[in-house]
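Protein chains: 2
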Amino acid sequence: MIKPTPLSGFPEWLPAQQLAEQHFIDTIRQIYELHGFTRLETSAVERVSVLEAKGEINKEIYGIGRLQGPPGRWEMALHFDLTVPFARYVALNSGAINFPFKRWQIQKVWRGERPQEGRFREFYQADIDVIGDGELPLSFDAEMPAIIVEIFQKLNIRAQIQVNNRKVLLGYYQSLGMNEEQSANILREVDKMDKIGADKVKESLLTLGLTSELADKCLALCQLRGCPAKVLTQAKDLNVDNPTFKQGLEELAFIAEELSYLDEDSLIFNLGIVRGLDYYTGTIYETILPDYPSLGSICSGGRYENLASQFINRKLPGVGISIGLSRLLSHLFAKKAIDCSKQTPTQVLVSWPTEELRPACRQIALKLRQAGIPTEIYHKIDPLKKQMRYASRQGIPWMLFPYIYSDEDPNIEIKNMTSGEQETLALEEWIGKIKSM
Amino acid sequence: MIKPTPLSGFPEWLPAQQLAEQHFIDTIRQIYELHGFTRLETSAVERVSVLEAKGEINKEIYGIGRLQGPPGRWEMALHFDLTVPFARYVALNSGAINFPFKRWQIQKVWRGERPQEGRFREFYQADIDVIGDGELPLSFDAEMPAIIVEIFQKLNIRAQIQVNNRKVLLGYYQSLGMNEEQSANILREVDKMDKIGADKVKESLLTLGLTSELADKCLALCQLRGCPAKVLTQAKDLNVDNPTFKQGLEELAFIAEELSYLDEDSLIFNLGIVRGLDYYTGTIYETILPDYPSLGSICSGGRYENLASQFINRKLPGVGISIGLSRLLSHLFAKKAIDCSKQTPTQVLVSWPTEELRPACRQIALKLRQAGIPTEIYHKIDPLKKQMRYASRQGIPWMLFPYIYSDEDPNIEIKNMTSGEQETLALEEWIGKIKSM
Numbered sequence: 023m024i025k026p027t028p029l030s031g032f033p034e035w036l037p038a039q040q041l042a043e044q045h046f047i048d049t050i051r052q053i054y055e056l057h058g059f060t061r062l063e064t065s066a067v068e069r070v071s072v073l074e075a076k077g078e079i080n081k082e083i084y085g086i087g088r089l090q091g092p093p094g095r096w097e098m099a100l101h102f103d104l105t106v107p108f109a110r111y112v113a114l115n116s117g118a119i120n121f122p123f124k125r126w127q128i129q130k131v132w133r134g135e136r137p138q139e140g141r142f143r144e145f146y147q148a149d150i151d152v153i154g155d156g157e158l159p160l161s162f163d164a165e166m167p168a169i170i171v172e173i174f175q176k177l178n179i180r181a182q183i184q185v186n187n188r189k190v191l192l193g194y195y196q197s198l199g200m201n202e203e204q205s206a207n208i209l210r211e212v213d214k215m216d217k218i219g220a221d222k223v224k225e226s227l228l229t230l231g232l233t234s235e236l237a238d239k240c241l242a243l244c245q246l247r248g249c250p251a252k253v254l255t256q257a258k259d260l261n262v263d264n265p266t267f268k269q270g271l272e273e274l275a276f277i278a279e280e281l282s283y284l285d286e287d288s289l290i291f292n293l294g295i296v297r298g299l300d301y302y303t304g305t306i307y308e309t310i311l312p313d314y315p316s317l318g319s320i321c322s323g324g325r326y327e328n329l330a331s332q333f334i335n336r337k338l339p340g341v342g343i344s345i346g347l348s349r350l351l352s353h354l355f356a357k358k359a360i361d362c363s364k365q366t367p368t369q370v371l372v373s374w375p376t377e378e379l380r381p382a383c384r385q386i387a388l389k390l391r392q393a394g395i396p397t398e399i400y401h402k403i404d405p406l407k408k409q410m411r412y413a414s415r416q417g418i419p420w421m422l423f424p425y426i427y428s429d430e431d432p433n434i435e436i437k438n439m440t441s442g443e444q445e446t447l448a449l450e451e452w453i454g455k456i457k458s459m
Numbered sequence: 023m024i025k026p027t028p029l030s031g032f033p034e035w036l037p038a039q040q041l042a043e044q045h046f047i048d049t050i051r052q053i054y055e056l057h058g059f060t061r062l063e064t065s066a067v068e069r070v071s072v073l074e075a076k077g078e079i080n081k082e083i084y085g086i087g088r089l090q091g092p093p094g095r096w097e098m099a100l101h102f103d104l105t106v107p108f109a110r111y112v113a114l115n116s117g118a119i120n121f122p123f124k125r126w127q128i129q130k131v132w133r134g135e136r137p138q139e140g141r142f143r144e145f146y147q148a149d150i151d152v153i154g155d156g157e158l159p160l161s162f163d164a165e166m167p168a169i170i171v172e173i174f175q176k177l178n179i180r181a182q183i184q185v186n187n188r189k190v191l192l193g194y195y196q197s198l199g200m201n202e203e204q205s206a207n208i209l210r211e212v213d214k215m216d217k218i219g220a221d222k223v224k225e226s227l228l229t230l231g232l233t234s235e236l237a238d239k240c241l242a243l244c245q246l247r248g249c250p251a252k253v254l255t256q257a258k259d260l261n262v263d264n265p266t267f268k269q270g271l272e273e274l275a276f277i278a279e280e281l282s283y284l285d286e287d288s289l290i291f292n293l294g295i296v297r298g299l300d301y302y303t304g305t306i307y308e309t310i311l312p313d314y315p316s317l318g319s320i321c322s323g324g325r326y327e328n329l330a331s332q333f334i335n336r337k338l339p340g341v342g343i344s345i346g347l348s349r350l351l352s353h354l355f356a357k358k359a360i361d362c363s364k365q366t367p368t369q370v371l372v373s374w375p376t377e378e379l380r381p382a383c384r385q386i387a388l389k390l391r392q393a394g395i396p397t398e399i400y401h402k403i404d405p406l407k408k409q410m411r412y413a414s415r416q417g418i419p420w421m422l423f424p425y426i427y428s429d430e431d432p433n434i435e436i437k438n439m440t441s442g443e444q445e446t447l448a449l450e451e452w453i454g455k456i457k458s459m
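So the sequences go chain by chain: A and B. The opening position of the first sequence corresponds to residue 23 in the numbering used here, with each subsequent residue numbered one higher. The opening position of the second sequence corresponds to residue 23 in the numbering used here, with each subsequent residue numbered one higher.
Hints in this document: simulated from the structure, not taken from any laboratory. One or more hints might be untrue.
Put simply, identical chains are the same to the list, so a pair is met inside one copy or across any two.
In silico DMTMM-like pairs for lysine to aspartate or glutamate, Cα to Cα no more than 20 Å straight-line [stated by the list, open to error]:
#	residue 1	residue 2
1	Lys437	Glu450
2	Lys268	Glu279
3	Lys389	Glu279
4	Lys402	Glu280
5	Lys252	Glu279
6	Lys81	Glu97
Owing to the predicted nature of the structure, the values given are computational and were not obtained by experimental measurement.
Can you make the complete structure from the sequences, with help from the hints?
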């Protein structure tokens, strides 16, 4: 006999947590679909050559091979994100896809990392991207924050999405006389602002050879954050005469206008956001949860020039965002921030008191299920106390007793398992009541 | 640049097919949950020792290892079914689980098989099982066919579930004086009935050393199939005096009684079903689709004595059934049996005719989404013909024009993209109409 032990880095939730994870996935998907994103699921396995198409050999990739015999050269591997498989899918099926292509993709990804807090070897990502053919209108850049705000509202979690635009940053450094390499170096330091503070960043900028005055100017921009209208005014007041900078501000202004209906707490502009160095070219996003500050950004993304240049000779610009679902859930579970009292989707347990009442039980359960209400019949003739204990332990909210139910008398006894209250009502009437709740 | 090519054995659907697969998964899950099964997802990765706990080294297992450096000994692998991971999960978490434990599990599994028609290396299975602690009432055996019938009804696919009981078979061969080994040999031959016919099976039985009379008796039982009441009568008329045989018939009679509300085409008893030799101990199920006979059984399962004996010293009997989802879908796609005209979940495309109308577009889209209707605003100011072409290609059923919409005049123009009909209606009124459809 083999006593099973958990596999480090491969999280697996208990039954009640499984329901919570499903609820999160369902909610995210529902909001994605309300905005017209369509489902995509790619195979978990890719050619190694596809995963390595960007040039670097990734130590974190899990290769797969048949257990029998030596693996020889790795040819297939598990995907480590959803972007590379998506790019490969679009390149492979570009003839069958209508552009702009809006897809959601909620799948597990695998990384051979050393497991540590908040880092998993197998975890869920929940991505959306819109891909254009040749060009992609800015309206989609404004859609991303709207979607993320809706998702967290629906999940009842306070969230703040922070928006910036790379063009604002790059144009600004250009206007200060920096070349590309210098700009990149500055951005790398500015990116550390929230971790090490403005003073330390300034020190680093001086080390890079900037004058104190230039370093202060660099810092001035990236410290602008707050409500979109205010940040836009402050940025304009810097009087920067640079076309890239101005275009970036115009793009931000469009997003501010489109999302003016959102409240101030859920959307801010933060000109200190950098998000890596070589992928994003316009709008960039990060999302923090004010009640869980140690999480950092749980949902990030941005606009990029070309999705699939490594796979197809066709310009496919896009904008996307990704929720780190497993990292979010494991944090919320650890903080006991999610109600885990339900062990089952069952809403109603029909009691089975005697052999004679079995047909009545069956009829009642059929009607409830036809009405879309998840229903179990208790599985054998046990003392009522034992049947009720099962309902309580499972977190089933209602119990029904079929004593008097028949075609002639449609009444049933109903027990609210939370309050303990009991009432007698016609079955159809009660179904109507429950469905309207 | 790397030109991507499909990976043989790893199916990936086009956008419209993706929606169909999602619809199948949603429907299966919905019916599973209506019967009180709760979601379980285990990690895709298991220890090799767990996957091999049953003793055999499975050539089809895909091991995983980090791409860098030699894999050395395989320690982890991808699961090849959902039963072993489920057994391991139950053993690992038995203290946190309420029994009977009803779980659904819809996940991909991986097998390093040679790809061929209907055989994949990565595919979906959709399983349910109920596990008892020490014992498991028979009522669950009757629940499985009810669920499967509901699923295929909801999917609008004709299906017939066929039920047998191993005790009937084993008791019958016992009564003919066979020992366990002989019974197993006979069952192995009987199992080929549908493939090679009764005459060939009889030949094989004679080769096993049976007399012609005995061989005929063996064949007599397994040719009984049809409506449950009839098969039960015919089996009783065989006058077999064996307690195992009788218990098997009693169990079948209970199932017949519980499912008497199902119509004759969807449920039959078939005493010729064998389903392997060493796992199932009571009720067994197979499911055929009369319109797709070459598929064979697309959904099989049964009752077993002990789920997790290789992992825990505790008797956990169960009953379960599994739908071969990817095999089913790929067959239906190949037969063009699934409507694949929709490329998106979007129900409404709001036209964007002029810059000035953008705020009206936004307001309309917000209201539609609040009502739960997936809605896109067309992404830029294009000629109306182009906007309509996008809706048509995507299979979006409705298009809305916001020309006159305002707080004062809530009317919008609506175009039914299928019929071409157009009407003008107040937005809220139209939403009510759509929601009631």
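Outcome of the hint check:
In this assembly of identical chains, the alpha carbons of Lys437 and Glu450 lie at most 20 Å apart only when taken from the same copy (16 Å versus 38 Å across copies). Taking CA atoms no more than 20 Å apart as the test, Lys268 paired with Glu279 passes inside one copy only; the shortest distance there is 16 Å, against 77 Å between copies. In the homo-oligomer, the alpha carbons of Lys389 and Glu279 lie at most 20 Å apart only across protomers (18 Å), although the nearest pairing inside one protomer, at 50 Å, exceeds that limit. In this assembly of identical chains, Lys402 and Glu280 lie within 20 Å of each other by CA distance solely across copies; the values are 13 Å between and 59 Å within a copy.
For the homomeric pair Lys252 and Glu279, the shortest alpha-carbon distance inside one copy (13 Å) is at most 20 Å, but the shortest distance between copies (72 Å) is not. In the homo-oligomer, the alpha carbons of Lys81 and Glu97 lie at most 20 Å apart both inside one protomer (15 Å) and across protomers (18 Å), since each shortest distance falls under that limit.
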